[in-house]
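Enquirer: Spelled out, the chains give:
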Amino acid sequence: MIDLPKSILEKAEKIFEEKKIPQHKREKILENLKNAYKLYVYEPGEAIGIVSAQSISEPATQMTMRSYHVAGSAGIRVTLGLPRLMEIFDARRTPTTPMMVIYLDKQYQTKEKAREVAARIKEVRIREMVTDDVIDLLNSQLELKIDLKKAVLFNLDKEKIIDNLKKNTKDVTIKSHEDKILVSPKKEDTSIREMQKLKSKILDMHLYGIKGIQQVVVKREGDEWVLNTLGSNVKKVMAVEGVDGARTETNDIHEVAKTLGIEAARFVIIKEASKTLEEQGLEVDIRHIMLVADAMTATGKIQAIGRYGVAGSKGSVLARAAFEETIKHLTAASIRGRKDRFNGAIENVMVGKLVPIGTGMFDLTMKADENEKEENSKSKESK
Amino acid sequence: MADMKEVQSIEFGVLSPKVILKMATVRIARAELYDPDGYPIDGGVMDPRMGVIDPGLRCRTCGGSVGDCGGHFGYLELARPIVHVLYSKFVYRLLKVICRKCGKLLTGSREKTSLKDLIKTAGKKCTACGEEQGEIKFEKPYSFWEDKTPLNPMTIRERFEKTPDEDLELIRVRIRPEWLIITILPVPPVTVRPSITLETGERSEDDLTHKLVDIVRINQRLKENIDIGAPDFIIEDLWELLQYHVSTFFDNELTGVPHARHRSGRGLKTLVQRLKTKEGRFRSNLAGKRVNFCARTVISPDNNIDIDEVGVPEIIAKELTLPIRVTDFNIAMIKEVVKNGPNVWPGANYATRADGRKKKITEESKNEIAEEITNGWIVERHLQNGDIVLFNRQPSLHRMSIMAHRVRVMPYRTFRLNLCVSPPYNADFDGDEMNLHVPQTEEAQAEALLLMEVQNQIRSPRFGGPIIAPKNDHISGLFILTKKDSVFTKEEAAQILAYAGIDAQLPDKEKVSGKEIFSSLLPQNLNIEFQSTWHKGNKNDEDSNVVIKNGKLIKGVIDKSAVGSEEGAIIDKIEKMGTPQEVSDFINKVSRLGSAMLDTRGFTVGISDNDLSEEAKKLVSKAIKKAEEDVADLIDQFNKGKLEGLPDRSLNASLEVYIMQRLAKAVNECGEVVSAHVPENDTIYMARTGARGSLVNVTQTAACIGQETVLGQRIHRGYLNRTLPHFRKGDLSPISHGFVGTSFKAGLTPFEFFWDSLNGREGLMDKSLRTRHSGYMERRLVNALQDLKVKYDMTVRDLTNSVVQFLPGEDGIDPAKSNWGKFDVDAFVNLEAAKDD
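Top line first, the protein sequences correspond to chains V and A. Residue numbering for the first sequence follows numbering that gives the first Met the number 0, starting at 0 and increasing by one per position. Residue numbering for the second sequence follows numbering that gives the first Met the number 0, starting at 0 and increasing by one per position.
Extracted from the complex, chain A is given alone in its bound form:
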């Protein structure tokens, strides 16, 4: 760690031939890699002076071993200069604006301009020497013409050499352009293109090495041919070939030339391919990194651990370690742990002595090491209860996708988490896996605790409401508990509370109401009024408006709008009033209370929940029949030409709109029938309290599924003028265009089943498309905004320190600290004004 250096800045530029020669250790001149004995040849592409790749050997240049020596460049003198493909477009643009004779810019003015503007204004005659300019043509990827005669790299280089520095500065070019015409090719060190020895003993070379061999071979041939004075066309051909090889060495996906390939036909991965795309160096190795001290396994729910805890299997706890420095305060504990060894939890796996020597703790050595330990040692002990870890589920769409939890070591092999934290992770337990990371330093742990702990993430910055909250059965349970007719004997009440693990004072009465039990969890100073989710279908119910006064639930039921994720008014209020610990306690207790209630009462759902009375069934079939008749009527009018169209709509389209509207109305009527006739049961409780499902689900199961749509329209695709061959051509009736008049319970006819699968398929396509698009949108948004931060003067600035907002969000309020994005000034001022009176 001692000689670690920090990068202050990186300057980009182009290597000049001089620099290439200076940094190179070897002159490469031979195309062979190894001699018959299998040793690399000096002056070959695998020259051992360019670094070591075989463990155990030392570098012949610097003496370092595999880890220490980063490798050394070699160089190759090209027999003829070559255009650097990656810069060929720039070479072309530059050629257009400099004189063919004197190399000066084709502009009279000495003002700074851009190359782009200069290309537009450049004259036909050189302003310095009066030379007439030819027309430059460029053909991708690397061919140039001037007035229809080819322009070779040698000529281009000569021109560039003449261009004075001052002229280049005018168009803000800060390199010598002749460097873009390669005369000396740097040969990358072997460490960046290591060869692999296969099991058979055969050596398999890296793609770059293959390419370099090609270059050296052709370069050699070109040189020989020049030396013996071969005819021009041979030299031209070889030169072109050398240009091709050097170009594909840089980029093997050039348009206009064939890609260089392996014998197997696979394209070679050369320099550009190494950097580009998601799998390239930038995105895969620099912007994202692999880590140690992490674990991944299946998750399962556990109501009995707290929301800020995570259950870690013992097997994992024994594998993941935390380095602890031995001091007077912990030496006893550490010795204990070391004595347990690596196989018994809580044990330890490694011990580092004060002098830096690291020892593995084994069954044999554990007692010996435990004796030896003194202050200053560092022991890598197993993960223990209470340790801080980061817990993550992909896709990590927002910051709550990684939160800090406290470890709780448990048996078996899955991570356990409290159900209330599943909404921010968007996790369910149908086989989802999650990742766990162990911060290794005290700084990292402290930061994780302060910024990322579950308690501090309860309020989502997206909308300023709670996102960590009881769900599903918790809500059903709380509703049943606080319903108006819920009364318990004192024993029953105590039983429920004890079951939930809550220690609370109950009123001293024979009969205790559910509301009183619930109130025992509320802070004394809580005052709040709101509408329950239950209210929606039961407007006149006395329980539909919730009133809490001084921590007592006076009126109303507890359901989704009281404690649910994204809505919970009570959680919101407590979060704003109390400490993070108090909120998380409340969530823990309230969710357990809900579960305890269901455990004592029982909660069950069956298909008979969706039974309709004979009377209701009649109403449903009447509604559908009436709708079908009305639609038939509409079609009749349409066929007779009596139908009045909608403005700016064709008659056909108008008819479709009318039919859709009429059928939708029928489905709504069914919904009303269901909501009026299905007796109160557990299914309805779930739907009405927002615990799970909705009345639409009940309606579709009990009464009628409704219109199936594709692209928002009735189903029209299929055969000519009809959807299926079972219908008459031109049939416009509901059933032939995707209307499903039966319920899931009664069963679908084959047609209806087919329409439903069409709709289902569309949903699947939509989902897979959507994830792709929204993923890319997230990447773009994050990339555009990632450098914005709030500065100490409360301005929002980007990385160049220019202001983007003078006050974030126009009022400086952080949604993550607000109440649904608001700071209620009126309420506060009114309260304050009332106080002093």
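In isolation and in its complexed conformation, chain V is listed as follows:
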């Protein structure tokens, strides 16, 4: 039988210290605690996977499909409910609404300072600095009217914008004229379409802040100023001055796996999934979600739940064939000369054998005659 896990031992020790319980008594209490704990523990053979899968998907039938929810009056629209849950388990490359929660260092705990950090984080494109854009076909040039007041907020001025433009464009001449920037292609007689293309390219150009962060909202959470963002870029945001990197959160699982490692990704899966379920008012034990997260990350890489992930890379040919893409799995197995040894659940159902889970998990090997002898000797002893 297993020992008390660390988390329980620590709790007990804490009470021991608080109540100043003498040593001899502690041992006895621990002994009793262990016995009580045993009543709570999983039994060997428990089909823990199926129970967890059911425990998550049974309440999912009660979830809403309505995917958006506006968090607070000034908040950000977030994907929620069943679509979000599927997104997590599918391990999509990017969430439909990537989001970050950014905590700030102590020195930045005022509204003004928080705003300052927010301004440094938010991605600014040229589009946002431009109040008016005109394509002048006569002179074949692009006129961009710059909002100089706004630019100051982001530590920018016209020269800086022009510098930036020069760095990132080719084959154009850039001139400054009053509060306007004039861009004209070096090539003669450019078509309207090419001008349009150039315009949208320039407008979408990154100017300032962190790439990918589309929106930043400053919020008061408890006694702290917190930034919520739409768009995610953990690596860059953590390095920004004033940001408490250790507490920075994101909902992009792959990004976390890449920057912080697989254990962190597992944690994000658990957190995001339980948040989604909780928000819908559904009670699911966190242990079930942990198991799913562990199954997704046990190989060291994030695997989706589904045909291209965990279910598609299982050890049994028949189990895979029964799930999806039957023919693909059968032909591939035949080329490689694969063998199915019937270790899993569904394969054994197929051939009518006992499923090796729960009461079907063990075999009994015994020699009948020896057993008889033992029985006899035992019964004699008892007499």
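Don't read these hints as lab results, they were simulated from the structure. Just so you know, not all the hints are guaranteed correct.
Stated by the list, open to error - Selected chain V positions facing chain A (Cβ under 8 Å, derived; list incomplete):
id, residue
1, A11
2, V40
3, M62
4, R124
5, E127
6, E282
7, V283
8, R286
9, L290
10, A294
11, I301
12, G305
13, G314
14, S315
15, T325
16, K352
Claimed, not checked - Cross-link-like lysine-lysine pairs, in silico, DSS-like; alpha carbons within 25 Å at most:
id, chain 1, residue 1, chain 2, residue 2
17, A, K575, V, K5
18, A, K317, A, K277
19, V, K19, A, K834
Keep in mind it's a predicted model, so treat the numbers as computed, not measured. Even glycine gets a Cβ: it sits at the ideal position worked out from N, Cα and C.
We have chain V already, so just place chain A on it with the hints.
Expert: Just chain A now, with coordinates in the frame of chain V:
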């Protein structure tokens, strides 16, 4: 049973021509099926040497009858080789990495790699013989080109033959690739493609047979043409046609070629179609199986049977049987049962003699058989009271959807079940049907009893709380019983208890309080304190906090948070303290007590429950009027351009947010008015105790329905700049965008009714979409996790024995045994520490 074999493992591979010849019994060479007399032709596709399908006949190869003979393969020599479509992609990939001249891998290294990597790195020149390689092109489903000249299967096969085994091993190919170019086609036995004789005497052949006939016919023509030396283009055409037929024989849903069809236009169901999809062999016949000894009928509720019982109609009990071996101990009972015969319950339907001969028990033979019975017989007797059966309601979303019940045979035609078990099945009684299965062996019964019996499923593994618990009227009844002003005379109290079928000791007093009656069901050592559901709307009520000391209800009312499903604190506590039997007893008794209370007092709901006083009505209309004015004000500000927008939101969107907020506030105010002004009545009791319904329902009936939304927004769809032609263009007012200011009781205006149906339609769409999506998600989750189990060392492992978790859930605690996922260490240690002092 004697020569039953067990599958140890299955190895996958490809049949070589040699093996095909070896396992075949017939050479197929003729396209005709039957001779003019209707007999199958030797050497035809229905050659009787390939097995029997007509009952009564014997197999000409093995002599077995229909059940014994599994059928025998035939073979067909193809006039020209054909690419196996299902492997054509692999053939293409392999062609890319082997030399056109010597067949060796296009790699200098002898390291093992994957085919995928090799395709990327393969050189233009053979490393073994120096031959320049052409560019291989593949066109789905089965055409190949090399440097723009077609590559026929014959050439491909020749190349593959040259590839040495060692080279194939490097890319982990464990078959001879030339086997993928079919020269000899195995013809499946007739038993897998039986023909059906219609009532008219006409024979209708299986789709596979049709396809095989096509193949044989074209093969024959191709051969003749080759023999007479026909021009190349004719031979090429026929070869292509043969390739088409053989390909559709394997898979009739190939892209790029037309599907083979019946004369009626229906597509043929060939090999791949037989295996694939939900209706295919794998999911429909292998992963799921049909069973005997089951029954299905409508369910109805019955408060008087226990939660672990199921009422089985006598008609069904007479049909479902249980095999009982006759011994000294039961022979008298068995004889009795056999004498009753098949038509009188409890009787028996079949008797198997010790030598294995099975006899049907009939009215005529019953007495004779009863005399004859000795030890060692097996009698299939009717289902009787106390037998263990499995009871199921679809969709089986979690393990509590199938539980073991004990049979109670009853009249009429429906299954009866206790109301308290309806939450785990998610059953109601508006016509729901349920299934019943009878485990036939003692092992199966024992396992069902230990693992699946209702008593053992009370705590849900999902959240670690009780899921089987009293509901609806039970809760209303218990609340009314335990309310502070509930006092009964001794006679009344005894009456209620007797009505509920409870045998309990009452305190020896003239007047007995409801709390005392309830306490008689509690175990002596029960101590618990918690907040009742009633507390929510009645914070200062003395009954809002529940205190139970030494099995006595001292304070508080019993409602959903005490005994309800998913919440019930008392059920949780008793489940953890006592045996499963004790909990189920408690649930049985408590639910009956609730019903008995209502039966004596009466419980009724009417539309007048939702009457508001004049004063309240005024408050409601004032709240709504004020809100409408405020919204008009907002719109005015917006139109004048004075409205301040929210950050990162357009002005339009900001206005929407403001309006929604203001209206929501008005509805909340209505709710408060209702909750303050509606007098206590049975409707309110139900809502406040969590028995059924909520205050939202009351508010919507009495005061105001509120904003109807589509996709979480006010209603905007409809005509240009307006929702309906009755409004002015650009109208932003609440009523034109789905605000319903009236109540269900007062009645809706036509507009409001329309907005409500929009919302209702969205709900319906959402529901049907949701069930589809969540069903698929469940299938994927279960498929991904089904092999995970807890091993003896408390690690969680998958089927390859690799560890997924070292300790399940990080602390090893099974939610199904926990208290809402927790093991209260603090409470336990504190209790233990206090003990010794």
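Enquirer: Each hint: holds or not?
Expert: A quick look at each hint next to the structure:
1. Taking 8 Å as the C-beta contact cut-off toward chain A, the hint placing A11(V) at the interface holds, the least distance being around 5 Å.
2. Interface restraint check for V40(V): the shortest CB-CB distance to chain A comes to about 5 Å, inside 8 Å, so the restraint holds.
3. For the restraint placing M62(V) at the interface with chain A, the shortest Cβ-Cβ distance is roughly 7 Å, inside the 8 Å limit, so the hint holds.
4. Among the interface hints, the one on R124(V) is violated; its C-beta lies about 15 Å from the nearest C-beta in chain A, farther than the 8 Å criterion.
5. At a threshold of 8 Å, the smallest CB-CB gap from E127(V) to chain A is about 11 Å, leaving the interface hint violated.
6. The interface hint given for E282(V) holds, since its Cβ lies 4 Å from the closest Cβ of chain A, which is under the 8 Å cut-off.
7. Hint on V283(V) holds. Least Cβ distance to chain A is approximately 6 Å, under the 8 Å limit.
8. Using the Cβ-Cβ criterion of 8 Å, the hint placing R286(V) at the interface with chain A is satisfied: the shortest such distance is roughly 3 Å.
9. Taking 8 Å as the C-beta cut-off, the interface hint given for L290(V) holds, the closest approach to chain A being about 7 Å.
10. Residue-level restraint check for A294(V) holds (minimum Cβ-Cβ distance to chain A is 6 Å; threshold 8 Å).
11. Because the smallest distance between the Cβ of I301(V) and any Cβ of chain A comes to about 13 Å, over 8 Å, the interface hint for this residue is violated.
12. With 8 Å as the threshold, the beta carbon of G305(V) comes within range of chain A, its nearest partner Cβ sitting at about 5 Å, so the hint holds.
13. Interface hint status for G314(V): upheld, as the beta-carbon distance to the closest one in chain A is roughly 4 Å, under 8 Å.
14. Given the 8 Å rule on beta carbons, the hint for S315(V) holds: about 6 Å separates it from the nearest Cβ of chain A.
15. Hint status for T325(V): holds, given a least beta-carbon distance of 5 Å to chain A, under 8 Å.
16. The closest approach between the C-beta of K352(V) and any C-beta of chain A is roughly 6 Å, which is under the 8 Å cut-off, so the hint is satisfied.
17. Proposed proximity of K575(A) and K5(V) is supported: the alpha carbons are some 24 Å apart, at most 25 Å.
18. With a C-alpha separation of about 35 Å, the suggested pair K317(A) and K277(A) falls outside the 25 Å cut-off, and the hint is violated.
19. A C-alpha spacing of about 15 Å is found between K19(V) and K834(A), which places the hinted pair at or below 25 Å, so the restraint holds.
Of the hints listed earlier, those the structure fails to meet are numbers 4, 5, 11, 18, in rising order.
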